[in-house]
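Using the hints provided, position chain B relative to the given structure of chain A.
In order, the protein sequence lines correspond to chains A and B. Under our numbering, think of the first position of the first sequence as 16, with each following residue one higher. Under our numbering, think of the first position of the second sequence as -1, with each following residue one higher.
Any given hint might turn out to be false.
Unchecked claim - In silico DSS-like links for lysine-lysine, alpha-carbon gap of 25 Å or less: (1) A/K265 / A/K126; (2) A/K37 / A/K25; (3) B/K86 / B/K106; (4) A/K25 / A/K122; (5) A/K52 / A/K79; (6) A/K110 / A/K126; (7) A/K230 / A/K37; (8) A/K230 / A/K219; (9) A/K126 / A/K232; (10) B/K107 / A/K56; (11) B/K106 / A/K56; (12) A/K110 / A/K122; (13) B/K106 / A/K219; (14) A/K79 / A/K194; (15) B/K86 / B/K140; (16) B/K140 / B/K99; (17) A/K52 / B/K86; (18) A/K194 / A/K219; (19) A/K219 / A/K110; (20) B/K107 / A/K219; (21) A/K194 / A/K230; (22) A/K219 / B/K24; (23) A/K194 / A/K98; (24) A/K219 / A/K232; (25) A/K194 / B/K140; (26) B/K86 / A/K56; (27) A/K219 / A/K56; (28) B/K107 / A/K52; (29) A/K52 / A/K219; (30) A/K25 / A/K79; (31) B/K99 / A/K52; (32) A/K52 / B/K140; (33) A/K98 / A/K110.
Keep in mind that the hints were calculated from the coordinates and are not lab data.
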Amino acid sequence: MKVDRRGFLKIGGLAVAGVFTKPVFDVFSSLRLSEIKPSEKALVGHRWAMVVNTQTCLAEDGCKDCIEVCHQLHNVPDFGNPKDEIKWIWTLPFKEAFHGQEHEFIKEDLKDMPVPVLCNQCDNPACVSVCPTRATWRREDGIVMMDYHRCIGCRYCMAACPYGARSFNWSNPDPFIDKGNPDFPTRTRGVVEKCNFCRERLVKGLMPGCVEACKEKALIFGDLEDPNSEIREALRTHYSISRKPNLGTKPQVYYLV
Amino acid sequence: MRLDLINRNSRNRPNGLVEQIRSNRKLLILNLVLMTVIIILTLSMSGCTSPNYSTSFTTSGSTLCQSCHGTGEVAYVDEEKILEKEGKCVLPVNEQRDRHKDLLHDWKKSVVRDGNSVYVASDGQEYEMSLTGTCLGCHSNKVEFCDQCHSYAAVNPDCWNCHKLLEGDQ
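Just chain A, same shape as in the assembly:
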């Protein structure tokens, strides 16, 4: 067989390339890429919701267990004046919380009864549609999340939310945090915040802080898509109302009255 110059160069080139093939393959065969996955312990839901049993709730007697635990877990500052107040869960008199669902002659003890209120994690959240930076959005499992990194503090969401569930940090909250929780980030000046249904606890397989803190088990948290869940049972067997249902936001916090 006669090999001309062109053929010789071709064969030679291939041979040289072949020498380098094995080390390259070795590198790639030993390479295992890192991956990111959800936690196995995480509680998985398709539509998280909460039920507040106003009959067993002791807010009337001055119980603030759920509020204190929540605000401690999430580094919620106490500015000490109502103008700057930051609240994730708080109480409102029945007539204010359910404005339009009460009347002049409503049961006397119900009228001024304090009711725990929090972000309703709406199915059709007004805050999400107005956010210009997509710093807030509704997750697949129904939680209306916030990305504090992305919040520019325009407060459109606060104007849009009919429940007043969002608060704005008018100044640096750090000095006003009583007992900090290092496992949860704090916020900075110029950021809006609200209840997140304890997203960070759900991934660890824990129930929301307020639910765990309630002595009377007046708060029930669960998955509405699961027909056997405790929350579905409570809604099936009791009469329940929600806040401002006529606005079409489809709030996911229900109240047993």
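Leaving out everything else, chain B in the frame of chain A:
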């Protein structure tokens, strides 16, 4: 005919420096040697990304390395000082130096946006994706571990405004 003319013209045209080099063989060889040296130097610099880079550099940075990375004393500190706990990092040291910011950005995105919380390293070890929990759990000395490089590189990341250490460590 025309080709001949053009060739002849270009040959006759005085060609300045190029022509001089062509005529001077010594200069040509010197040029070749210089080019080779430059190529070898470039290759050795790109060795900074090789896995041996971290071990070779932390012992003593040569002047070549320092031209890019600064003097070792200012830019990087002893590994012993920055690791409070025994253990392995989620990525090799050299990769972390280059792209810890990308890693943290990816973690933030997948934790906040996608709801994932576990990072599986290339060796199969699982970590919780948490700046305060996982990263600062080992590298708790912020001043010596984080600030030293950041102030050297004149960058001001605001991670710690919200992701804080325990009160005593601040």
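So, going through the hints one by one against the coordinates:
no.	hint	in the structure
1	A/K265 / A/K126	holds, 24 Å
2	A/K37 / A/K25	holds, 20 Å
3	B/K86 / B/K106	holds, 21 Å
4	A/K25 / A/K122	violated, 96 Å
5	A/K52 / A/K79	violated, 37 Å
6	A/K110 / A/K126	holds, 5 Å
7	A/K230 / A/K37	violated, 66 Å
8	A/K230 / A/K219	holds, 22 Å
9	A/K126 / A/K232	holds, 23 Å
10	B/K107 / A/K56	holds, 20 Å
11	B/K106 / A/K56	holds, 20 Å
12	A/K110 / A/K122	holds, 11 Å
13	B/K106 / A/K219	holds, 17 Å
14	A/K79 / A/K194	holds, 16 Å
15	B/K86 / B/K140	holds, 18 Å
16	B/K140 / B/K99	holds, 15 Å
17	A/K52 / B/K86	holds, 20 Å
18	A/K194 / A/K219	holds, 22 Å
19	A/K219 / A/K110	violated, 37 Å
20	B/K107 / A/K219	holds, 18 Å
21	A/K194 / A/K230	holds, 22 Å
22	A/K219 / B/K24	violated, 74 Å
23	A/K194 / A/K98	holds, 22 Å
24	A/K219 / A/K232	holds, 21 Å
25	A/K194 / B/K140	holds, 22 Å
26	B/K86 / A/K56	holds, 24 Å
27	A/K219 / A/K56	holds, 6 Å
28	B/K107 / A/K52	holds, 13 Å
29	A/K52 / A/K219	holds, 14 Å
30	A/K25 / A/K79	violated, 83 Å
31	B/K99 / A/K52	holds, 20 Å
32	A/K52 / B/K140	violated, 28 Å
33	A/K98 / A/K110	holds, 22 Å
Consistency note: the structure conflicts with the earlier hints numbered 4, 5, 7, 19, 22, 30 and 32.
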